[in-house]
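Model the placement of chains B and D on the given structure of chain H, informed by the hints.
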Amino acid sequence: MRRRDETLAVDQIVRRISIAAGRLALGGLILLLCSVAIFPFYWMVVTSIRPSAQLFEFPPKLLPSADSVFSPYVTLFETSGLGRWLLNSAAVSLTTGLVATFFGAMAAYALSRFRFRGRRTSEMMLLLTQMFPAILLALPMYVVFARLNLLDSLAGLTLAYLAFLIPVAAALLKAFFDAIPVELEEASLIDGASRLGTLFRITLPLSLPGLASTYMFCFIISWDEFLFARMFIRQPENWTVSLGLASFKGEFVTPWDQVMAAAAIVTLPAALIFLALQSYLVRGLTAGGVKG
Amino acid sequence: MPKSDYADSQDRWLPAVMLWPMLGAIAVLVIAPLLWGLRISFTDSKMIGLGFNIALTLKNYNAVLTDPDTWNAIYVTVIFSLGTVIGSVTLGMTAAIVLDREFIGRGIARMLIILPWAVPHVVAALVWQWMYNPDFGVVNYALALAPFFGETPKWLSDPDFALLAIIIVNVWKTYPFAALVLLAGLQTISDDLYEAAAIDGASPVRRFFDITLPGLRRVMAIVVLLLLIWSFGNFVFIFLMTQGGPAGATNALVVHIYFEAFRFFRAGSAFAMGALLLGMSIVLTLIYIAVTREPEHA
Amino acid sequence: MATALLEKVTKRFPDHLAVDQIDLNIAEGEFLVLVGPSGCGKSTTLRMIAGLERATSGNIWIGNELVNLVSPRDRDIAMVFQNYALYPHMTVLGNLSYALRLRGVRLVEIERRVKQAAAALDLSELLRRRPAQLSGGQRQRVALGRAIIRQPKLFLMDEPLSNLDAKLRVQTRAEITRLQREIGVTTIYVTHDQTEAMTMGSQIVVMNEGRIQQVDAPRQLYHHPANTFVAQFVGTPPMNLLNCHIDLDGGMLRGDGVRVSFPVPLLTALASASTDRPLLVGFRPEDAALLNGSSECEFEGSVIAAEELGHETLVTLENGEQRFIVRLAPALADRAQLGDRVLFAVDPEKLRFFDTQTGAAISVFDISDQLSHFRETRP
Numbered sequence: 285m286r287r288r289d290e291t292l293a294v295d296q297i298v299r300r301i302s303i304a305a306g307r308l309a310l311g312g313l314i315l316l317l318c319s320v321a322i323f324p325f326y327w328m329v330v331t332s333i334r335p336s337a338q339l340f341e342f343p344p345k346l347l348p349s350a351d352s353v354f355s356p357y358v359t360l361f362e363t364s365g366l367g368r369w370l371l372n373s374a375a376v377s378l379t380t381g382l383v384a385t386f387f388g389a390m391a392a393y394a395l396s397r398f399r400f401r402g403r404r405t406s407e408m409m410l411l412l413t414q415m416f417p418a419i420l421l422a423l424p425m426y427v428v429f430a431r432l433n434l435l436d437s438l439a440g441l442t443l444a445y446l447a448f449l450i451p452v453a454a455a456l457l458k459a460f461f462d463a464i465p466v467e468l469e470e471a472s473l474i475d476g477a478s479r480l481g482t483l484f485r486i487t488l489p490l491s492l493p494g495l496a497s498t499y500m501f502c503f504i505i506s507w508d509e510f511l512f513a514r515m516f517i518r519q520p521e522n523w524t525v526s527l528g529l530a531s532f533k534g535e536f537v538t539p540w541d542q543v544m545a546a547a548a549i550v551t552l553p554a555a556l557i558f559l560a561l562q563s564y565l566v567r568g569l570t571a572g573g574v575k576g
Numbered sequence: 004m005p006k007s008d009y010a011d012s013q014d015r016w017l018p019a020v021m022l023w024p025m026l027g028a029i030a031v032l033v034i035a036p037l038l039w040g041l042r043i044s045f046t047d048s049k050m051i052g053l054g055f056n057i058a059l060t061l062k063n064y065n066a067v068l069t070d071p072d073t074w075n076a077i078y079v080t081v082i083f084s085l086g087t088v089i090g091s092v093t094l095g096m097t098a099a100i101v102l103d104r105e106f107i108g109r110g111i112a113r114m115l116i117i118l119p120w121a122v123p124h125v126v127a128a129l130v131w132q133w134m135y136n137p138d139f140g141v142v143n144y145a146l147a148l149a150p151f152f153g154e155t156p157k158w159l160s161d162p163d164f165a166l167l168a169i170i171i172v173n174v175w176k177t178y179p180f181a182a183l184v185l186l187a188g189l190q191t192i193s194d195d196l197y198e199a200a201a202i203d204g205a206s207p208v209r210r211f212f213d214i215t216l217p218g219l220r221r222v223m224a225i226v227v228l229l230l231l232i233w234s235f236g237n238f239v240f241i242f243l244m245t246q247g248g249p250a251g252a253t254n255a256l257v258v259h260i261y262f263e264a265f266r267f268f269r270a271g272s273a274f275a276m277g278a279l280l281l282g283m284s285i286v287l288t289l290i291y292i293a294v295t296r297e298p299e300h301a
Numbered sequence: 102m103a104t105a106l107l108e109k110v111t112k113r114f115p116d117h118l119a120v121d122q123i124d125l126n127i128a129e130g131e132f133l134v135l136v137g138p139s140g141c142g143k144s145t146t147l148r149m150i151a152g153l154e155r156a157t158s159g160n161i162w163i164g165n166e167l168v169n170l171v172s173p174r175d176r177d178i179a180m181v182f183q184n185y186a187l188y189p190h191m192t193v194l195g196n197l198s199y200a201l202r203l204r205g206v207r208l209v210e211i212e213r214r215v216k217q218a219a220a221a222l223d224l225s226e227l228l229r230r231r232p233a234q235l236s237g238g239q240r241q242r243v244a245l246g247r248a249i250i251r252q253p254k255l256f257l258m259d260e261p262l263s264n265l266d267a268k269l270r271v272q273t274r275a276e277i278t279r280l281q282r283e284i285g286v287t288t289i290y291v292t293h294d295q296t297e298a299m300t301m302g303s304q305i306v307v308m309n310e311g312r313i314q315q316v317d318a319p320r321q322l323y324h325h326p327a328n329t330f331v332a333q334f335v336g337t338p339p340m341n342l343l344n345c346h347i348d349l350d351g352g353m354l355r356g357d358g359v360r361v362s363f364p365v366p367l368l369t370a371l372a373s374a375s376t377d378r379p380l381l382v383g384f385r386p387e388d389a390a391l392l393n394g395s396s397e398c399e400f401e402g403s404v405i406a407a408e409e410l411g412h413e414t415l416v417t418l419e420n421g422e423q424r425f426i427v428r429l430a431p432a433l434a435d436r437a438q439l440g441d442r443v444l445f446a447v448d449p450e451k452l453r454f455f456d457t458q459t460g461a462a463i464s465v466f467d468i469s470d471q472l473s474h475f476r477e478t479r480p
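Chains as they are written, first to last, in the working numbering: chain H, 285 to 576; chain B, 4 to 301; chain D, 102 to 480.
Isolated chain H (complex conformation):
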């Protein structure tokens, strides 16, 4: 009897220790994962505010220096084309988002609500165009755009982005429309609205979050894009932020403090939008893959 009590007590202690160890391990793991994720961001910001003279020191200082400078964030706009690039990118991304969401929504609605011949084929095409490596589109498109005199223009770049973003927008929005009960539209049809009336009075108001998310998603994809921009755009005054940032990298010496400051500025809008969208993006990108 006493023997059993003792084993029980020992058991209890072992259990408590293992629970505590598990908690500790979990805590450590969380900390590790978080630091892996955010250290590069931290390093970007720390580098950007470090006086240029201290950049090439070894060992590097892990904490911001006492004499941190914030001047790169201002001078960048004067000494480089950053302001111009931001405007270019904003123009391209805002337009792409708008047009892709508009046409994507139309296609998505048709695919979500109507049964017609060629529906499966259309959906297949939609998926295929998203899956090709960008270079497969970019190279031949370059040839075509050269003929059409669309190279080295932001309008041409926007058109190129639309080629792969309209299908993406359609896929994201189809998942969204599919989630709106068909009965709402049927009720509206019976109540006396036409199909288009129903679309504008019922379906679209209910899909506003989806439309907004799709718009922002297309925005950040365009904001982030590099390959097409690199191939299609030559003149520095037409550069987007991706090209501008990449151009900082000098052949021999790179002004890392300025690069990092510019990088931070470029990251900010994209990161904010991304965080706002994350749960929706998982659903959209793996539509059909994960239930619920």
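Read the hints as simulated data drawn from the structure, not as lab findings. Check before you lean on any hint, since a few could be wrong.
Straight-line C-alpha distance at most 30 Å; calculated BS3-like pairs for lysine-lysine [what the hints assert, rightly or not]:
hint: 1; chain 1: B; residue 1: Lys157; chain 2: H; residue 2: Lys533
hint: 2; chain 1: D; residue 1: Lys109; chain 2: D; residue 2: Lys254
hint: 3; chain 1: H; residue 1: Lys533; chain 2: H; residue 2: Lys345
hint: 4; chain 1: H; residue 1: Lys345; chain 2: B; residue 2: Lys157
hint: 5; chain 1: D; residue 1: Lys216; chain 2: D; residue 2: Lys254
hint: 6; chain 1: D; residue 1: Lys216; chain 2: D; residue 2: Lys268
Only chains B and D this time, still in chain H's reference frame:
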């Protein structure tokens, strides 16, 4: 276009009107150029965008398939993609399991872990390049602090380490996606299953292998395929960080094609390699479609 | 208010035939219930009347108008959906007035009608709320309100009660019947619940596998089912059906547990009406009474289960391959203990006969005449 089942008179023409802009865009901006590119792959086109003299030839394919550089590029692409998938899924799975638990500050941890996904590719390339700097970079600083570590590698300029370095960047950039999708998958597995297994006496490790992994099979397949497809097409990291070098160590197919077209002005063979890449992508995409269309097993 | 007429209406989906050549005549002001198991085509039929599905062939008339190609919005009908389909981004007021606004009804008139409908359905306090802020029962009432405010030619209801809990369902059942009677609008109501059908419908259409099995008033449907499907679909527990064969020489119907003495002319009539000699004899569980001694119409079996429901006891009996259920008053239930062999008598007039092969009812119209005649002449 609609066969029947139109409830409203507008349903007769509406689907067609709604679809054609997208189908038109795909036809004009995607399919037509693709076909044209395929056509060019059978010509002697040199400078991309200019014409060609010999209308039909298999020379490009012959040259491309016998060129060791092509096979090196395919090898690099495969290693890069597989390395990314393995790293990203491992890290993503760890993060998903951690985030699936209840703890204080879970929302914040979740947000922080997702951040790398949000950073633009160019920014990621630049920041990591700075961190990899062999003389002043923080990575080598960390390695120097670690015991038993001899000479620190020169990372991006070292043929033995360059590909690994870029895979690490790509893993860092893509694992949040894997984590989020796997987390969503984990949350669809019913708690009842775990409780039933626990009552049946299964240890946590067994429960992971008997319930968690089988439950994630489909989601896992999707994550792996998407990561493969994306890594296949990844251009920015390699182009900005190593330009395919040193000595071709990171010369993935995408980068190889780009230089073939824009540096060596052999558009014909660039398109021939493009056709190769297209073939591989289509195979992956078809597998992806098969996996996502497969009905949910009970 | 209008009549509705379906002529040989068929709906073929790519993979199956949902509705197969049905004819239906719905009188003005009628409360018609379409009932049947899931997948029987009742909802498809309703949706074709609404115009949400096109009939593959056949004609649909509402009033005097052929509506085959008319859009739902021009059919002047109102529909209540199973999940209510309330517009989530509109208030109750918005939901109620949506159809009127679309039709350009004057504001004053809209206000008057909303007030009236809201008062009738006890929604006046809720007009500013959104559907998400309402209880299930309240949502259901808004859905009803949205229909009655229209004053349409037809009300269509697609299982409107199936999302309510049992108690509320019974209340609302009465509420809908009352409303329909007050307004007098022709109503077509779809349900899979035969109790709902029996309590609400003035006419009931029983459907199965895309075909109409029987159209009749509830009582007629219960007592004179047109075939075995209806006999077993309507009533809980369903009608008992037992195999038996005609013994002309003995003047009896015999089967496992079945002993029914019948006059020979009647037996001959039965025999000639059924395609083969064996046939099915049916009776309702409540029509069997415990028997002491003997009767001209006996059913026998051993008790294999007894379910006490408080006000009654359902006893299941078995004899050979056959089973049947009888409904007993609790006081009598003690006499049918598990394993007992028990004898029951059924009034011969309550017996129904069905063809074994087709399942169709064998109607021997003068069965009661024959029986009374037989009784009088018997010594």
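Comparing the hints with the structure gives:
| no. | hint | verdict |
| --- | --- | --- |
| 1 | B:Lys157 - H:Lys533 | holds, 18 Å |
| 2 | D:Lys109 - D:Lys254 | holds, 22 Å |
| 3 | H:Lys533 - H:Lys345 | holds, 22 Å |
| 4 | H:Lys345 - B:Lys157 | holds, 20 Å |
| 5 | D:Lys216 - D:Lys254 | holds, 21 Å |
| 6 | D:Lys216 - D:Lys268 | holds, 28 Å |
Hint violations for this structure: none, all hints satisfied.
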